[in-house]
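Enquirer: Residue-level listing of the chains:
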Amino acid sequence: MITRDDVIDFVYAEARMLDEGRYDEWLSQWLENGIYWMPLDYKQTDPINATSLMYEDMFMLRLRVERLNGARTFSQKPKSRCHHVIQRPFVDVFEPETGTFQTNTSMHYVETRLDDQILLALTATHELQAVEGKLRIARKTVELLNSDAAFGNIQLLP
Amino acid sequence: MHTLRLSHTQPCTERITTFCFEGKSLPDWSAGAHVTFLTQAGPRHYSLIRWPGDQSDAYHVAVQKEESGAGGSKAMHSLNVGDTIKTTAPKNDFVLVDQGKPILLLAGGIGITPMISMATQLLQDERPFALHYSGRSASSMAYREELAQAFGDKLTLHHDDETPLDLPALMAAHADHALYICGPQGMIAAARNAAEAAGIAAEHIHVELFTNTVVTTEDTAFEVEIASTGQVVTVAADQSIVQALEAAGIDVMSDCQRGDCGICQTKVLSGIPDHRDVVLSDAERAANDVMQICVSRARSERLVLDIATAKAPRRVTQPSAPQTSQADGIRALFQGHQVHRDVYISQDIYRLEMKHLFANTWVFVGHDSQTPNAGDYYTTQIGNQPVIMVRHSDDQIHVLLNRCPHKGTKIAIDRSGNTGKFFRCPYHAWSFKTDGCLLAIPLKKGYEETGFEDNPNVKGMTAVGAVKNYRGFIFARLNTDGISFEEYFGDSLSTLDNMVDRAPEGRLEVAGPPLRYMHQCNWKMLVENQTDTCHPMVAHESSAGTAVKIYEQMGNPEPRPPAMQIIAPFMSPYEFFEGMGIRTWPNGHGHTGVNMSIHSNYDAIPGYFDAMCQAYGEDRAKAILDDNRHNTIYFPAIMAKGPLQQIRNFIPLAANKTLVESWVYRLVGAPDQLVAMSSMYNRMINAPTSIVGHDDLEMYERAQEGLEADSSDWVNLQRLFEEDEDYSQEAVENGTTERQMRNQFDAWVKFMTADMETAQ
Ligand code: FES
Ligand SMILES: [Fe+2]
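Protein chains in written order, with this note's numbering: chain U, 1 to 158; chain X, 1001 to 1760.
The hints are simulated quantities; they were obtained by calculation from the structure and are not laboratory data.
For every residue, glycine included, the Cβ atom is placed at its ideal position computed from N, Cα and C.
Any given hint could turn out to be false.
Distance ranges between label pairs, derived from CB positions [as the list claims (entries may be wrong)]:
{"id": "1", "chain 1": "U", "residue 1": "Asp46", "chain 2": "X", "residue 2": "Asp1610", "range": "57 to 67 angstroms"}
{"id": "2", "chain 1": "X", "residue 1": "Gln1347", "chain 2": "U", "residue 2": "Tyr42", "range": "32 to 42 angstroms"}
{"id": "3", "chain 1": "X", "residue 1": "Asp1603", "chain 2": "U", "residue 2": "Arg88", "range": "56 to 66 angstroms"}
{"id": "4", "chain 1": "U", "residue 1": "Phe94", "chain 2": "X", "residue 2": "Asp1260", "range": "58 to 68 angstroms"}
{"id": "5", "chain 1": "U", "residue 1": "Asp46", "chain 2": "X", "residue 2": "Ala1604", "range": "19 to 29 angstroms"}
{"id": "6", "chain 1": "X", "residue 1": "Asp1481", "chain 2": "U", "residue 2": "Leu145", "range": "42 to 52 angstroms"}
{"id": "7", "chain 1": "X", "residue 1": "Asp1610", "chain 2": "U", "residue 2": "Val85", "range": "24 to 34 angstroms"}
{"id": "8", "chain 1": "U", "residue 1": "Tyr42", "chain 2": "X", "residue 2": "Glu1730", "range": "55 to 65 angstroms"}
{"id": "9", "chain 1": "X", "residue 1": "Ser1393", "chain 2": "U", "residue 2": "Thr100", "range": "48 to 58 angstroms"}
{"id": "10", "chain 1": "X", "residue 1": "Gly1607", "chain 2": "U", "residue 2": "Arg16", "range": "13 to 23 angstroms"}
{"id": "11", "chain 1": "U", "residue 1": "Thr3", "chain 2": "X", "residue 2": "Cys1534", "range": "36 to 46 angstroms"}
{"id": "12", "chain 1": "X", "residue 1": "Asp1260", "chain 2": "U", "residue 2": "Asp116", "range": "34 to 44 angstroms"}
{"id": "13", "chain 1": "U", "residue 1": "Thr3", "chain 2": "X", "residue 2": "Asn1384", "range": "19 to 29 angstroms"}
{"id": "14", "chain 1": "X", "residue 1": "Ser1393", "chain 2": "U", "residue 2": "Asp116", "range": "44 to 54 angstroms"}
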């Protein structure tokens, strides 16, 4: 049976995988029909019929991860690094009977490459599903506080 | 209600006549009272006159003929002896009270009438008083002799001919008096000011407007004629002019509705306004050629108002001394097969581009669906010029420089909004119509006789030189003079046509905000890249090549993942891009994908082709949908994708800084999947989070830094170059030519120098 601590620990562990570049392990945390959504507009509701920053299925996420390691991925020579500082997640949905969980987590995300470093404040919503006793990501929504600002490259994953 | 009978009349001056009315058991009244006569032209108010020794209970009033034929006075003057007229009972809003002070009575013009009764009362009560009576000329002043006879040395006459009224001196001499004033509003205001300056307390100052149109008690109806159309609107007694005009569907400006903001100020072409605002100076009031239509009414039966508009200032071509040497310097930067690196890295060249290139060309501003309603605005930049695109009350889109003519404050800084009928500067509340015209300035009196009226720099928010709405797309030319929109774009408009024609209803709507992606590189690198067909298979191998590899590993499943439709074609081989073809048009425009493109092989969207056939017929629908142009450059700084309804706007912020805004439009009448497809393309290719975007930006930024190296001053543009290329002719060539880049630099030189040599 999944506990609240399991849910909270999952969110911390996911951030750590990204920070440490353990992308294959990270990909294995997702349901096959999972979606990573990063809205463009503040309080955007429709991810599909207006532009989002990201609305990515597993194919796109795999492509992203694979690309990071490509021999001719020039924008990753040298590689970017990232760092999450996260606040303890709120568990907004906790239904162990159906295996459905949802968290809301405030984060500061730092990404750096060469002499540049950016800081993004964001709120992540994880929609999680238990599959054979293990938590899996059905949907991760990353709402940047300044989603409507002009950005340079954001190459890794908040 | 009483019925009065006119018993006799007595002319006093050319314009003023005394009317004597009798009636049965008329109520008594006190000095300062008026009665309201219900004339055919509506109720009119007249003060009652009583002379010393007059014991009769008849009502005496003096009626002044209004120059422009006020209905009330005309109706009164048309009464014959013996006629009857209905009146209200006398009412007193101007009561003579005892404040234990001597009294100063001050009358202007016809305002003498209640003063006669007051002086009579004071005489009878043996209270000390002085009566000062002022008028334009002796002959225009009624009752001069009667007054002298009745009040002797208590009376002083002032008229502009001989003994003009000196208010400060008068008030200083009567600083210990209680003051009663009746006359024109300007005179009342001036007298009040002088009294206050002399130290007379407000509670000792009593005023009444002209008694023949006392308006504080009851307003009357009048007519307003719109000069430009001749339309006549009746303003009811309980309506303001603004309300009456709006009810008649005439669009007017107003804000405070109290007569203190100046926004509703309107030109009066004829008729006499009854000014009730606090905006106008005495001189402006007296001139009667403007009024505040939210509160002020009419003394005349009709006002003719000029509701038409003034013209906002235009940005004028900056006159410059002949600069042949500078133009030659610009020409020297482009040699056909190569271009000088300074065009990318020099901030001086950037400044010249902003001053000349972006002022002489037609630059994209936005789409009219971003501002669907009057007052809707959107802020952006044309080159380095902050502008506001706004829909005016006439439904036209105007483009104004976003700067207050006063101190320079940006008028709007949010990216979009609705400003109502006018912009109001947040700093000192200067206000401007949505076509830029200066509307009002608080405390405008302070600019009188300062030369302000003749200062061309404070006429309003400056409009760009020219605006064109082409099928919903808004373009502007900053300079007033220059090439026409049609000549500038010519046949290149076919891409925008195709984009719009792809909507079954023939129009587009903006679909959400744009991606905003900051590039630390020169804007021209981005523009050139749009028709650079030799980079995708190299620079995008990391993203498109990896996509193809993963898909193969998956065993090429159907249906394809969306990324395979969109990203994988970037991996097409050189032969594919060669076959796509490139077309160039005069003035720097051109496109890739003449024969087909990476957009040709998208999955069909159910229902769309049917909707297109219904709208256009099958042949035309096919022709529209078979045109799959790739990237069209509208020189200088946008790229349009017809098949995906996208515009990318490359906004130059500095020599090494460019903001890219990527917009998506919805095809009105088409299934949602089309805008979903365009939005998907946008986020996969153009976003700051897009892997394809990362590939490109890496190249631009490396170039921006690398160009500092002194190996050579030149950047190469030589692929498929031919000597004597004629860019003034449309041409179609091999899809890997760099001719379009050369075409852009040819236009760059042309429009950089277009206004460098015009001043003779
Ligand atoms: S700066 Fe705009 S009103 Fe003063
Ligand atoms: Fe590219």
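Enquirer: That 44 to 54 angstroms hint for Ser1393 of chain X and Asp116 of chain U (C-beta), does it hold up?
Expert: Holds - the Cβ-Cβ distance for Ser1393 of chain X and Asp116 of chain U, about 47 angstroms, lies within 44 to 54 angstroms.
Enquirer: Does the Cβ pair Asp1610 of chain X, Val85 of chain U satisfy 24 to 34 angstroms?
Expert: For Val85 of chain U against Asp1610 of chain X, whose Cβ atoms are near 53 angstroms apart, the range 24 to 34 angstroms is violated.
Enquirer: State, for the Cβ atoms of Asp1260 of chain X and Asp116 of chain U, whether the hinted interval 34 to 44 angstroms holds or is violated.
Expert: 53 angstroms, violated
Enquirer: Confirm or reject the claim that Asp1481 of chain X and Leu145 of chain U have a C-beta distance inside 42 to 52 angstroms.
Expert: 46 angstroms, holds
Enquirer: Verify the CB-CB distance for Thr3 of chain U and Cys1534 of chain X against the hinted window 36 to 46 angstroms.
Expert: Given about 57 angstroms between the Cβ atoms, the range is violated.
Enquirer: Tell me if the beta carbons of Asp46 of chain U and Asp1610 of chain X are separated by a distance inside 57 to 67 angstroms.
Expert: 25 angstroms, violated
Enquirer: Looking only at beta-carbon atoms, does the pair Asp46 of chain U, Ala1604 of chain X fall within the given range of 19 to 29 angstroms?
Expert: Roughly 23 angstroms apart at Cβ, these two residues keep to the hinted range, so it holds.
Enquirer: Is 55 to 65 angstroms respected by the C-beta to C-beta distance linking Tyr42 of chain U and Glu1730 of chain X?
Expert: Between Tyr42 of chain U and Glu1730 of chain X, where Cβ atoms are some 44 angstroms apart, the hint is violated.
Enquirer: Assuming the hint says 13 to 23 angstroms, is it satisfied by the Cβ distance from Gly1607 of chain X to Arg16 of chain U or not?
Expert: Cβ of Gly1607 of chain X to Cβ of Arg16 of chain U: about 47 angstroms, so the range 13 to 23 angstroms is violated.
Enquirer: Check the following: the C-beta atoms of Gln1347 of chain X and Tyr42 of chain U are separated by a distance inside 32 to 42 angstroms.
Expert: 34 angstroms Cβ-Cβ, so the 32 to 42 angstroms window holds.
Enquirer: Does the hinted range 56 to 66 angstroms hold for Asp1603 of chain X and Arg88 of chain U at CB?
Expert: Once the Cβ atoms are compared, 45 angstroms apart, the range 56 to 66 angstroms for Arg88 of chain U and Asp1603 of chain X is violated.
Enquirer: CB of Thr3 of chain U to CB of Asn1384 of chain X, is that within 19 to 29 angstroms?
Expert: Once the Cβ atoms are compared, 58 angstroms apart, the range 19 to 29 angstroms for Asn1384 of chain X and Thr3 of chain U is violated.
Hints 1, 3, 7, 8, 10, 11, 12, 13 from the list above are not met by this structure, while the remaining hints are.
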